[in-house]
Amino acid sequence: MVRIKNKKIINMRREKFSEWIFKRFPIDLQKISEMWEKVFVKEPIPEHMKNWFFALGATPLVLFVFQAITGILLTLYYVPSPDRAYESVRYITEEVKFGFWIRGLHRWGSNLMVIAVILHIVRVFFTKGYKAPRELNWIIGSFLLIITLTFCFTGYSLIYNQLSYWATTVGTNMIGEIPFVGKFLLLLIRGGIDVTHNSLIRLYNLHIGLLPTLMVVMIVLHIVLVRLHGVSKVYPDEPTYSFYPEHFYTVLQIMLFLLVALSTLTIVFPPGIGEPADPNNTPLHIKPEWYFFAVYSVLKILPLKFGIWFMFFVLLVFIFWPFIDEILLRRVKMKPSLHYIVGIAVILIFLFFTVYETIKY
Amino acid sequence: MDEKETRRDFIIRIFSVIGFLGSSILLLRNILLYIFPKVTPKKERKILIAREEELKIGEAKLLTISDKDLYIVRTQQGYKVFSAICTHLGCKIKWEAHNNRFYCPCHKGVFDINGKVVSGPPPRDLNSYRVEVSGKLIYIWFV
Amino acid sequence: MEAKELKLQKVVVGATAYLLIIVLILVSAFEVSKSRATEPKVDISGTTKKCVDCHLNRGVAVKLIDEWKASKHAQQNIGCYECHKAEQNDWDAFKCPESDIIVAKHPTPKDCAECHEQQVKEFENSKHAIAQMVMKAEGAEGPDRAVFEPLIATKHGCEQCHNIGNYWPDGSIGECDACHSKHQFNIAQARRPETCGECHIGPDHPHIEIFMESKHGNIYVAFSNKWDWNYKVGEQVPFNAPTCATCHMSAAPPAIKSTHNVSERLAWESQSPFSIRTSQYWGNKTWQEKREQMLSVCKQCHSKSFAEKYMLIADLNMLQYNEIWKTIVELIKKFKNYGLTITDEFFDGELKLTSWPKEGYDEEVEHLVYRTWHHEGRRFRHGAIMMGADFTQWHGIWDLQENLVKLMNKAAEHGIPEAKRWIASKDPNKFFLYPIYDVPGNPWGISSILYKGGALSMNRIKNYWEKVYANVKAAYEKGFLSEEQWKLYQELYDNRDKELGLPYSPPEILKEHMKVLAEEAKYVKENVATFTLPSSSPYYTSNSTKYDKKVAKK
Chain Y
1 MVRIKNKKII NMRREKFSEW IFKRFPIDLQ KISEMWEKVF VKEPIPEHMK
51 NWFFALGATP LVLFVFQAIT GILLTLYYVP SPDRAYESVR YITEEVKFGF
101 WIRGLHRWGS NLMVIAVILH IVRVFFTKGY KAPRELNWII GSFLLIITLT
151 FCFTGYSLIY NQLSYWATTV GTNMIGEIPF VGKFLLLLIR GGIDVTHNSL
201 IRLYNLHIGL LPTLMVVMIV LHIVLVRLHG VSKVYPDEPT YSFYPEHFYT
251 VLQIMLFLLV ALSTLTIVFP PGIGEPADPN NTPLHIKPEW YFFAVYSVLK
301 ILPLKFGIWF MFFVLLVFIF WPFIDEILLR RVKMKPSLHY IVGIAVILIF
351 LFFTVYETIK Y
Chain U
1 MDEKETRRDF IIRIFSVIGF LGSSILLLRN ILLYIFPKVT PKKERKILIA
51 REEELKIGEA KLLTISDKDL YIVRTQQGYK VFSAICTHLG CKIKWEAHNN
101 RFYCPCHKGV FDINGKVVSG PPPRDLNSYR VEVSGKLIYI WFV
Chain G
1 MEAKELKLQK VVVGATAYLL IIVLILVSAF EVSKSRATEP KVDISGTTKK
51 CVDCHLNRGV AVKLIDEWKA SKHAQQNIGC YECHKAEQND WDAFKCPESD
101 IIVAKHPTPK DCAECHEQQV KEFENSKHAI AQMVMKAEGA EGPDRAVFEP
151 LIATKHGCEQ CHNIGNYWPD GSIGECDACH SKHQFNIAQA RRPETCGECH
201 IGPDHPHIEI FMESKHGNIY VAFSNKWDWN YKVGEQVPFN APTCATCHMS
251 AAPPAIKSTH NVSERLAWES QSPFSIRTSQ YWGNKTWQEK REQMLSVCKQ
301 CHSKSFAEKY MLIADLNMLQ YNEIWKTIVE LIKKFKNYGL TITDEFFDGE
351 LKLTSWPKEG YDEEVEHLVY RTWHHEGRRF RHGAIMMGAD FTQWHGIWDL
401 QENLVKLMNK AAEHGIPEAK RWIASKDPNK FFLYPIYDVP GNPWGISSIL
451 YKGGALSMNR IKNYWEKVYA NVKAAYEKGF LSEEQWKLYQ ELYDNRDKEL
501 GLPYSPPEIL KEHMKVLAEE AKYVKENVAT FTLPSSSPYY TSNSTKYDKK
551 VAKK
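Chains as they are written, first to last, in our numbering: chain Y, 1 to 361; chain U, 1 to 143; chain G, 1 to 554.
One or more of the hints may lead you astray.
[To be verified] Selected chain U positions facing chain G (Cβ under 7 Å, derived; list incomplete): (1) Phe20; (2) Ile25; (3) Leu26; (4) Ala60.
In case anyone wonders, no lab produced these hints; they're calculated from the structure. C-beta: ideal position from N, C-alpha, C; glycine also.
Work the whole structure out from these sequences, hints included.
What follows is the structure, encoded as structure tokens:
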């Protein structure tokens, strides 16, 4: 008797509590749970998504979350001042418990993220995932690429070792060469004519403030668009499976696997510190990070002003590719196989110059 | 549930769940260790701070070792070394020879030559260091 | 998706999770293994900070600061000023430019003694402390420096080593940084044989050479890079062979304490013209006690019987040298009787250094005499007691006997009849112009052939062993050998047949060896000795001083 009575009392209390909550937080639970089911749990994923090549969209997302978490953890110890930055990075790497691990995850995470994003772009390009009505998503995606690369550039400069300092100098110099807006952008980023303490703080601000916000907004837009359009089917009658639990497990696998890979990479190739930045001493070889090698190499070969314009042109083609592709196909009546040739050519050029720049010197 | 879970399924599920939980716990542990640095007691080292006959009985001298201020005093019983930080709220104390006492100007705390609280708000005696006298040399075990 | 695929996914998730656990454990292990730097912290504060800052600013002797930082002094907060503090009137007071600091330009053992009193005291009681004095005795002068060499040469020569016993204006003696050099004062450096070898080197006291030749030195060369040179003072030396410091300074627990008195365990004074047992004036111990100390060190590795036997033979070598020296002294006295220049102030059994400035060094005989004790005699004695076989033999007794022969020849030239008779004599025992010591056998084993054969002096001289026994007994009764040594000698003497290997026949293989040697001798005779070259006659004949055309044409 007492047991049943207690149960009744508990239920009553629970109901009262729910009333109290919903009065102050008037949401429609029913609607939310429906939407949740539709969008998340029952979302139909076409069978082709079981192929790992198609997981390359989720990978950068997972990696971004890792970067955000490890990044926040790093801000517990990092000091964004030119005289303390290097020392704080060294402190994290050498003295803080598991500091080397968090930093290694962050460092390797950034490298893997760039690779994942590039592979994702390659996949989308060759599977023509950008065809109408999905062109806008491609454009948002290209913004995501630019934001990712800016993340990498600003992040690397924060270590404030020789390579950071001089890569920042050279990089911002190149930004200064952009026609019309170059000088303005240069002053904006550097906070002065030369690379000073202002520059470091601005890069830091970009890296932990503006860029993450932009990134999150873009990611949300990107995913929302994918969901709204639905994952495109390869052929019309392709069977589907629901997002939860199968695709969810896939993402879980990706997450765990990435953690394993990043931790292993951290142990096997621990992140180094290099020499502290010395504004009076330019090292013999200044090189940007590997993902910039291709651009760097090409800009070295072409005359500067022409090179910048050329890069700009390439960027525009890349951003508006869905439309250009459409024009080339319909109006100019290019053969479909040209698509593959263009794609492979770009990839090969990129690889060639990256490898060339790596083995040079 | 539509069907009963077979034993094999159960084992597989438990296998995965344990694995996942285990890795999550380890992950969380590492991150927490990162966030909360353990304060390991620093190793003591022996350093020379003075020689005999530098101080008379009843005299105190201020020293700075490794950015820490210390007072060395000589009493009837021997040498004592104290931290110059008041145990109340951390101000620096001063030795007043004419009054034979340590005085903290912040809240008027007073310690005697043996580091004991005499009057004022300080809750406990001055922090002292272990002294070792070897021949004519006075060492302390410094952290 | 089928249930099977789902299950597979779960399995994969689980497997990856376990992999992650392993990797995270590796990460933790890596974390733990990262050695938290136990680099000791060096504080620079107070006056020392002023010194360091100013020196760094002006770039004066800045590497010394790094040296000091690596020292144990730095870790204990003992900085520049603690040693270099000075009063205005000090002999080495120096005011640092543009400051009000007065420093001592040259800290002396008096400064070191403020903390290291015991070591300084031990040093003062050792023979290192009289190193300068023996080079320049009060009222007398070391002849090389006084007469023979321009002083400028001795400044970078003799003085550099002998100033280990420098007498400072402030009353202290010695140079502490001779072995552990400033400013690191590193104990590992001081313990190295090469440190001693900076001075204990050369034809007159080739100690480092003797060490390197010895088995101890060989083991040192082979393994020393793996030894822990920073062992704690007072604990047993963790080496598998001794170095100079091990025997002469380091502790041999539990009985023997470490000391800075390098003479504390020396039972012989063996650099002087005569070998003398060290007196109690040095170290307040009898020579027997000192020898016991040394033997305690040996016995850390060696058996009692080996160490004592070795030392017995070495001691008898020391005494044998005395006999040789006495013979030479007597011989030189005879020179005087035949109107030669050597004064008797000079050779009274001892060198009276006062006579050197007047005469000496300019005649061959004087040189030979000097070398006999100062060079060959020392080499012989030190080699014998410190296991330098080559120095005992070819740079030792051989040279000594040669000197003796040269002196005899010189004596004969000058008409001394005893010398003339000696040269003409065909007696094979003639080279033993003095009494002999001997011990049956040797410390390293028993040979079945070494002591056999009629040609050996031991077997040639009548009643050899009885005579030798009587000599050793006399030495013992005079106090040159200890009770234990005499007892040991008697045991060996009673067992001499066995020790000499007499009851043992040589192994069969000896016959093989002898046969080979004989055949080789035959070969030499037949093929080498009697071999004539085709261009027959010598190109020079004693008959003609001119070039012999006839011969050349052939």
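Structure-based check of each hint:
{"no.": "1", "hint": "Phe20", "result": "5 Å, holds"}
{"no.": "2", "hint": "Ile25", "result": "9 Å, violated"}
{"no.": "3", "hint": "Leu26", "result": "4 Å, holds"}
{"no.": "4", "hint": "Ala60", "result": "17 Å, violated"}
Going through the hint list in order, the structure does not satisfy hints 2, 4.
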